[in-house]
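Q: If you read the sequences in order, they're chains U and R. Under the UniProt record's numbering, residues 1 to 763 are what the first sequence spells out, in order. Under the UniProt record's numbering, residues 1 to 763 are what the second sequence spells out, in order.
Source of the hints: derived by calculation from the structure; they are not laboratory data. Wrong hints could be hidden among the right ones.
You can't tell identical chains apart in this list, so a pair holds if it fits in one copy or across any two.
Listed below are the simulated SDA-like cross-link pairs for lysine to any residue, each with C-alpha atoms no more than 20 Å apart in a straight line [what the hints assert, rightly or not]:
1. Lys492 with Gly577
2. Lys519 with Pro559
3. Lys723 with Ser266
4. Lys336 with Lys481
5. Lys336 with Phe719
6. Lys258 with Asp417
7. Lys338 with Asn699
8. Lys336 with Ser90
9. Lys139 with His488
10. Lys492 with Asn248
11. Lys643 with Ser90
12. Lys544 with Asp484
13. Lys544 with Gly534
14. Lys139 with Glu715
15. Lys261 with Glu309
16. Lys336 with Gly283
17. Lys541 with Asp654
18. Lys139 with Ser239
19. Lys258 with Pro747
20. Lys544 with Met371
21. Lys570 with Tyr751
22. Lys554 with Gly448
23. Lys481 with Lys544
24. Lys160 with Gly237
25. Lys723 with Asn736
As the structure is a prediction and not an experimental result, all values here were calculated from the model.
Protein chains: 2
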Amino acid sequence: MKSGGLRLKKRQPAGSGICATGNRALFTAPQKNIFLGLTDLEAASATSFLHSQSNLNLTAATNATSWDNIILGLELLQPNKSDALSYLDSGAPAPGRYARATVQFGATDEPYIQEWMVGPLPVTNGTTSCTPLNYIYNKGRGYQRVYNADAEALAAFNGKIGSEVLDITLQLLNGSATNSPNDTLVIAGNDPLIHENGIIVQWNQFWGVSTSFIFDETLLPTGLEFKVNVTGRNPSGWSVIGWYYNGNFYETADDLRKAMKVPGFSILGPNVDGPWGSTDQAGEILPNDQLYPPISIQPNGPRFSVDIEEKYVEWMDFSFYISFNKDTGMQLHNIKFKGERIIYELGMQEALAHYAGMDPLQSTTAYLDSMYGFGAGSYELVGGFDCPDYATYLNASFYTTETTHTHPNALCLFELDTGYPLQRHLTETYVSVTKNIILVLRSVSTVGNYDYMFEYAFYLDGSIHVTVRASGYIQGAYFAKSGDYGFHIHDKLSGSMHDHVLNYKLDLDIHGTANSLMKTAIVPVTETYPWSGGVARNTMKLEKSFLESENEGKINWDPNGVFTYTVVNKDRPNQFGEYGGYRIAPGIGNTAFLVIQNSTSLGQAANWDSHHLFAVRRKDTEPRSAYPYNSYEPEAPVVDFNKFFDGESLDQEDLVIYFNLGMHHIPDTADLPNTIFSSARSSMVIRPQNYLPRDPSRNTIHQVRVNFNNGAVTELENFGAVKPTCSFDMSDVFFNISSFDGEVIIPEYPYEPNEYYITNPGG
Amino acid sequence: MKSGGLRLKKRQPAGSGICATGNRALFTAPQKNIFLGLTDLEAASATSFLHSQSNLNLTAATNATSWDNIILGLELLQPNKSDALSYLDSGAPAPGRYARATVQFGATDEPYIQEWMVGPLPVTNGTTSCTPLNYIYNKGRGYQRVYNADAEALAAFNGKIGSEVLDITLQLLNGSATNSPNDTLVIAGNDPLIHENGIIVQWNQFWGVSTSFIFDETLLPTGLEFKVNVTGRNPSGWSVIGWYYNGNFYETADDLRKAMKVPGFSILGPNVDGPWGSTDQAGEILPNDQLYPPISIQPNGPRFSVDIEEKYVEWMDFSFYISFNKDTGMQLHNIKFKGERIIYELGMQEALAHYAGMDPLQSTTAYLDSMYGFGAGSYELVGGFDCPDYATYLNASFYTTETTHTHPNALCLFELDTGYPLQRHLTETYVSVTKNIILVLRSVSTVGNYDYMFEYAFYLDGSIHVTVRASGYIQGAYFAKSGDYGFHIHDKLSGSMHDHVLNYKLDLDIHGTANSLMKTAIVPVTETYPWSGGVARNTMKLEKSFLESENEGKINWDPNGVFTYTVVNKDRPNQFGEYGGYRIAPGIGNTAFLVIQNSTSLGQAANWDSHHLFAVRRKDTEPRSAYPYNSYEPEAPVVDFNKFFDGESLDQEDLVIYFNLGMHHIPDTADLPNTIFSSARSSMVIRPQNYLPRDPSRNTIHQVRVNFNNGAVTELENFGAVKPTCSFDMSDVFFNISSFDGEVIIPEYPYEPNEYYITNPGG
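Build the full structure now, drawing on both the sequences and the hints.
A: What follows is the structure, encoded as structure tokens:
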């Protein structure tokens, strides 16, 4: 569907202009955002250029079958850091723009993905070239065999199986999955595919189809599963090689049929859709809930500056650039504090959701979600609910299968009063309190059943809080002999246990790139002092040390939090000889790593999941801890994070920290219908330590000193803060939800910028 | 100073009535708050009654010297739980009111404190009695020897020492401490006093007196310290028995003088007051900071109900009573959710700040702050800064040395939109989001240099978040050979390392008092399944178990957070056989226990500091983990928490959980001038687990479901929430700071309710 004007839709945040606002000119970033994704034109020209390469033998995506070669993805190949720094710091020209093209070669018996590098962009005859992209993949090649190239054929195959066992599904599940519009069941299988004795297999389960209340079938597992040998590309070679029901394995459907005829066979029945799974308001209205709750307003308008096009933001003493891509969503670049870069790059790299269970599907499921795409799943935010009514929004764009997708208003930026002060002290004669105003950048990525809220919050003390929260529907297991893997939370539903682990890259630069990682340990000691009269005292001490090499670079937090890690520059001690820098420490909740050791499902595909924190030397050849298709071949992934650890020095080198956020999730009834953000959350705080002479939040005028004597205020010092005094209408405060755009899609091959169309999320 | 009308001062919160507010009647608690502190009349009559007991030989506090017997404190003796439950649940009469009187017996060579029980109140001839209160103290007696009864004499003695070493302080510190108004130094000693070879000693340090900028001398240590034998009550028996400077111990001042004459003796110089220690706004105004930041408003007024007199609150499905006392400040009682009690008692019991250092004062300092009094230090809050402008305030009262102190507006209550949603899910056809509105109860206690912000936040999902944050001035050490104990953060200042550990009592009642503590462990396993073809898979499992007895009741969190603890009622499984209850899990930041093992300074005085979490059987004889004067005799404290652990069953008993919040604090330059709340904080979340059939937040109408198709909204379901549409004036939004009351003090003996007077905090 075509529609006018929406591509450039800019939201007018609610509440703007209710009082006098700042008279700030149109804001332009001081430098080009060299990290920003491909422009439409770049994407179109690169696509066109790729199609002109006869060796690729590409078919236009619109016409392609699974037996064609297609451009699966196209992203900016992020510039090498050295080139980027030359531009950012030394006025050198911007680094050349290259695209990273993910090409799926389907026209072969052994389909595969190969990454290609196209550039420089825009395409110019003679200089632009197209070469295999291998140097950033430590498998040696940006190459991955594809074992599920024929998804449509497989769905048809599974539907055929569903038809063949209709007698079973009717009897056990009171439902059918026969590739018919009247199906009451769907078939969905485990991810990743299983490599087993030289064949490729998948476990599938029948799931209930939501009829009205539950908007995700993940609450309706049936417990009937079958195993398919999906090896090869010829569906006639595929076969069902096993069945699972209620703890038992059957080699064939007939074996299951036979068992069903044996007296005493338990038919457990399906999970049934109902109001219990609906997210809608339900139950009695809470006392006084008919009154409107407190709401945050922004009387003087936004106090940050944003270049919407370049995705560049300045707020107080911070500035940063934002990029966005299909795999990992929003990323931050060149974060400066007080004019000096503190972070070159910060962003989520990959997220794992690893299940366990009695049944094969849950047991073998270990999603690496960047394959599905955190950027692809990051849609328009709901003003007034996802973000305050007055938030400012940015669009997000990415490329997939020869189309550029724009998700309007997918990122929001806003200031917030946290509701508690930043600083406070009372004496006999005065009290001093400072407001805690923060800047938040937020997006929400829906990956199937789960909604991940990603957030970067900037504080006046120079710290950055990195937070992820999870809501949405759990993926439940059918409750049958599964008490060891989760709570029994509804009729036949187990809150299937799983670990979320989200890996972030943090490239801090403290006074340049030559940095070291200081460890501070608080240790109990028994010590005799010159003054202790020979008595040994039980006390504690600091032990400071530096990590020497990557051999020490896999780190776990201490249960009592006695270790802290700070990136410093040893060549730049402060006037007192201390090494100033930024400390990395857990914020809210647990920062989980994966409980499973050497996961059979994951192999080597997510070796960043084994610890809380990692320190490595930064290299242009190691830009990311993960690769979206890593789990296609778990024992030989394209990027094996373990290979980053090759003993290199961490002493005054350019360091990269990878840290994990996450949670161990054992869903209980409180996760019905949805897991809630306030429960499933995790954060890391990146905070200055001995970095400045004192707390920089003293700069803000939004503090008060009240001097008093015997109840009378003798001085009220507000440091020049002026309270707005205008009158305004509450109806101007609320964000007006008048539209909701899923995806605005532009065909890139052929490039038809005016033929864009709008679809629903995932459409 | 006398002043009219202030005693009953009630704040009109800002922003009330800006739009139509609820038409709620005056609100009265359904039951009497039997936990509330003594009334004026009760306190006055108990005081009078105590004075009539000739065996106590009391002197009125106004006339008393350190050689008299005085009433140091008077509190409500909290009712025994069984009596309280009879009243709360079964309509029995309210339990009799008894006062707990802390009497200091100074009229003896060996002064001591004895706790007394006075009641029932009000005093009635013949029935009211006064007996030693011993049963709640596991030393066997509510008795404690006092070793610092003669504080004034000791100050004079120290001043005399200061005068005797004027030559030294002038030369080393360029200052004087001679008990003169012109002193530029003060002398302050370590806490607790040291028991050493049969004598009592204290280490004192000279500290700089703040002249203008720094409002706490704790930033101005000098590094010159002396050790005094303070044994006995005769000042002529007191003596200086050692000196410390720059890492060296000197037996006498003359030894130090001699050393000072040796060439090469280092005079390190004092820390000097200056703008570096001022909390005021300083430095360039931040970009756009002249604009007013976002602010939370409450357009329809408060949505909770509060009985101001009874300190009873109802909000959504929660209700609770608040009490307040001098030692520990605010406490919560009889917290109900959906009409059923979930918590009988919740409150902070004691807080430890344990320092370590090269110098004797820091090394021997281990504050147990309830002696100073968290209630005593909990003063009027600053509207618009400590709490949102629209917050509702409660007064707080306590008794000390025969006066009742009221701190107006010391507690605040408010709802807040957390700025992120509680629930969220997006599908191809709709998005559902729920606001996260919470109720917060807050107080701030200033104990010397530090300001502790205590907070209980109630969430729509039935969870309670218990948070403490710390701001104010650090207690610094003089920087001399102290690099192993903190960072060098200013000229001669070490950010002296210390551990904050705050112990909370949590008496959960899940469907009654017969409860058990379920442990859920996530464990890595290698398992072969019926369906796995003989292949052993690396995966994970849940292991559920129950703590059998107090022998297992000392618990640490796992570094990877794989253990969870839930209080359940095994006799009341839910329909699926799961045990519903409330889970206790760390929230924000680290929940520290003390690093020091068997602290020489603390002895057995704070044995609750050794682990993260404790589970014990509740007993009327063990109401609190601590006693304010425990550190007077560290090796034989009045309450030794270790004695709570006597192997009793934890299987379907009335359980009490004690948990610790806290932080390991290694102050750095970012703590100058003040530590900030967003950095020094810790929280615990008490959350329902399988307690209800589903998430109770579905009840709220402040959620939205947006159905859409191709960018158009097809349905906007707001569940009846009505947005206010009134017009209002911003000048009505802000809290007007027109007065600041420290303490309103009423003499209780003789009782002169109209002779109250107002003083500054600590006045």
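Q: Run the structure past the numbered hints and jot down the numbers of the failing ones, going up.
A: Structure breaks hints 3, 4, 5, 6, 9, 11, 13, 14, 15, 17, 18, 19, 20, 21 and 22.
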